[in-house]
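A.B. asks: So that you can map any letter, position 128 of the sequence shown is 131 in my numbering, and since no number is skipped, the others follow by simple counting.
The set of hints was computed from the structure by calculation and includes no laboratory data.
Among the hints, erroneous ones may be present.
What the hints assert, rightly or not - Below, simulated BS3-like cross-link-like pairs (lysine-lysine); rule was C-alpha separation at most 30 Å, straight line:
| # | residue 1 | residue 2 |
| --- | --- | --- |
| 1 | K64 | K114 |
| 2 | K76 | K114 |
| 3 | K95 | K115 |
| 4 | K114 | K45 |
| 5 | K84 | K111 |
| 6 | K105 | K45 |
Computed from a prediction, not measured in an experiment: that's the story for all the values here.
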Amino acid sequence: MKKYTLLLTSLALCSALHASEAEKVNAMVMLNMENGLANIQKGFLYNNLDLIKSGVDIVQKENATYHNREVIKSILPENKKQMENLALITSKRIENAADEMKSYLALKQMKKAHNAFSDMVNACTDCHTLVRGW
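Please take these sequences and the hints and turn them into a complete structure.
C.D. replies: See the structure below:
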């Protein structure tokens with residue numbers, strides 16, 4: 004996992020050399036969110052509650068970047084600027100799912116916590132689908 008993270012970080016940094024400042028920030032935020040999601044998934048697979056919680060904390064910290072309309076506008080591709088509201092709504096969906104996960108984890112309701120994790124990943128995918136034109 005460390006080699007994988009190091010490789011992703013290296014690739015992100017290399018591509019960032021030719022990117023704008025907003026693109027660099029976005030690349031690092033996305034990389035960190037991906038790491039948080041991976042920690043959550045791994046925590047569920049290995050029944051490691053601390054790993055799940057740390058993953059949720061990472062996702063929440065990084066997702067906060069997208070609570071600002073100006074940041075969203077600076078990150079979206081030129082032909083996708085009109086999707087600012089969608090990105091903001093997606094960011095709120097991720098935040099709500101993360102809060103829901105924390106509540107269910109505190110109650111030891113792992114199935115419901117995992118469903119909240121699925122909602123989080125679905126929110127990410129919905130935004131990527133529209134922004135990337137999948």
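A.B. asks: Where does the structure disagree with the numbered hints, that is, which hint numbers, in rising order?
C.D. replies: 2 and 5
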